[in-house]
Amino acid sequence: MVSRSEHVLRVGQDRQGHWVVQEEGGMLEGLFRSRDAAVRFALSECRAFPGARMVLATAPLHSILSH
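First residue of the sequence shown? That's 1 in UniProt numbering, and the numbers climb one at a time after it.
It cannot be assumed that every hint is accurate.
[Unchecked claim] Listed next, with one range per pair, are the computed distances between beta-carbon atoms:
hint	residue 1	residue 2	range
1	GLN16	GLY51	14 to 22 Å
2	GLY51	ARG15	29 to 37 Å
3	PRO50	GLY17	18 to 26 Å
4	GLY25	ARG47	15 to 23 Å
Bear in mind the hints are in silico, worked out from the structure with no lab data behind them.
Glycine included, each C-beta is placed from N, C-alpha and C at the ideal position.
Turn these sequences into a full structure, and let the hints guide you.
This is the structure we're talking about:
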């Protein structure tokens, strides 16, 4: 179970193949050119928020950003 104070950042691809980072609560989303760029961003965000963690998505993510 995830507490409200814990931030979970999912890293994965959307159905179009774009790399996406999404915070589980909808507070953050970013599109990236590569997996490495997405992972670097997610890890930097995790360092900024105590208790945050990054997970790799096992299914396509649904981006709310336009491409």
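The hints, checked one at a time:
no.	hint	result
1	GLN16 to GLY51: 14 to 22 Å	32 Å, violated
2	GLY51 to ARG15: 29 to 37 Å	31 Å, holds
3	PRO50 to GLY17: 18 to 26 Å	33 Å, violated
4	GLY25 to ARG47: 15 to 23 Å	18 Å, holds
Against the hints set out earlier in the document, violations occur for numbers 1 and 3.
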